[in-house]
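Under this note's numbering, think of the first position of the sequence shown as 1, with each following residue one higher.
Be a bit skeptical, because a hint or two may be false.
Said to hold, decoys possible - So the derived label-pair ranges between C-beta atoms look like this:
| id | residue 1 | residue 2 | range |
| --- | --- | --- | --- |
| 1 | F388 | T355 | 20 to 26 Å |
| 2 | E236 | F388 | 20 to 26 Å |
| 3 | T270 | R154 | 19 to 25 Å |
| 4 | D233 | H54 | 17 to 23 Å |
| 5 | T224 | T316 | 15 to 21 Å |
| 6 | H54 | T387 | 56 to 62 Å |
| 7 | P246 | S163 | 24 to 30 Å |
| 8 | S335 | E175 | 27 to 33 Å |
| 9 | S335 | H54 | 20 to 26 Å |
| 10 | V279 | S163 | 48 to 54 Å |
| 11 | R120 | Q290 | 44 to 50 Å |
| 12 | H324 | P372 | 19 to 25 Å |
Calculated directly from the structure, the hints in this document are not laboratory data.
These numbers come from a predicted model, not from an experiment.
Cβ coordinates follow ideal geometry from the N, Cα and C atoms, glycine included.
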Amino acid sequence: MGEEYYLVESLRGLEHLTSLRTLDVYEPWPVNLPDRSNLPHLESLHLTSYNGEHLPEPTGSFPALHSIIIEDGGLVDLPAAMFSPIGKDPGSSVSTQLTIENAGHFTTLPDNLGQRPVFRAITISGTATTELPESLGGVTVESITLKKNPRLSRIPEGLATLSNLTRVDISWSPELSSLPSSLFEVQTLDTLNVVRTGLTGLPSTLGDVSSLRLVDVSHNAIVTLPDSIGRLDKLESFVASANRIPALPSSITALPSLYYLDLSENQLTTLPSGLGAAVGLRFLLLSHNQLNDGLPEDISQIRLLEAINLGNNNLTRTPAFLNHRLGQGRENDDSLVNVHLNANPIATVPESVLTSHATIDLEGTNVSPEDPVVQRANEDGSDVAFTFS
């Protein structure tokens, strides 16, 4: 027979297709798949809307299976035989892809998951899974995605032994209140996304993961950031919006690679002095906080800054660092082109901004379109633009 078999009307006779390599089931067949001990060459299994709760536990193994994709349907678990060592050599480096998505009844991964030593990616999303097997800590895997698992409350400590792990995405899991300390021992980790969970803080060991470039911990309940964040020399983007953070550690000013910082929707009242040392910063997003007029003036020294959002704070006047920075726009070919001051009780804007080529959002402030400075900008053909809606 050929290499591939597509289910059309029935699974009858499938067990006789001993050379079958790919099996795609696209329909909600309420039947069990046949014993796959007779399918020694099966490499890829893709089940979509499969209505059975269980797949039969075969007498043999799946020696060639390296792609398992489960989408929708009623499956609650997978047979342990699927994760028997691949190939004749138990230490085979052939990598496996495991994807389980939008399978709302799925609860349990087999304990022997770690018998497959190498995974390209593991994705468990939209399931009823409560925890992952401890054996996961014994595998090599590049990417782990755990999204929209509302009952997931625990990640195994064995993550420290995962080699080659570069990306972890744990999002939309409200029962998860902490991360395993071992996660912060993974020295290959490049991207960490922990969004919309019950996370209340980050450990001091965060700074030990020197390889981190991208971190998103938005929409959690975090109240403090560890001082060790200042040791992340490769960190380029840090997003911690929609948390409960009242203050920032001073060490955040010492991040040489940081270009994107989003701390919107927190409880910040001021910023640490020395932020001007973050010379690579291009985007600074601070809207919906409680920032007042005492912002550090050295922010004007961030020469690469392109956009700053200070909307929805408690500013009664344009910050001094902005007046200084915008007042030098034409002379220094200033990169700052987007300034959001909307929804602050600001009543006037200084004349110094007329030399800028920035767009300044004043919607919801006390500044009127008839303000003399605004009128002068319109009449003189200034490069600065004011928006009120």
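Task: Structure versus earlier hints, numbers of those that do not hold, lowest first - done: Hints 2, 3, 4, 5, 7, 8, 9, 10 contradicted; others consistent.
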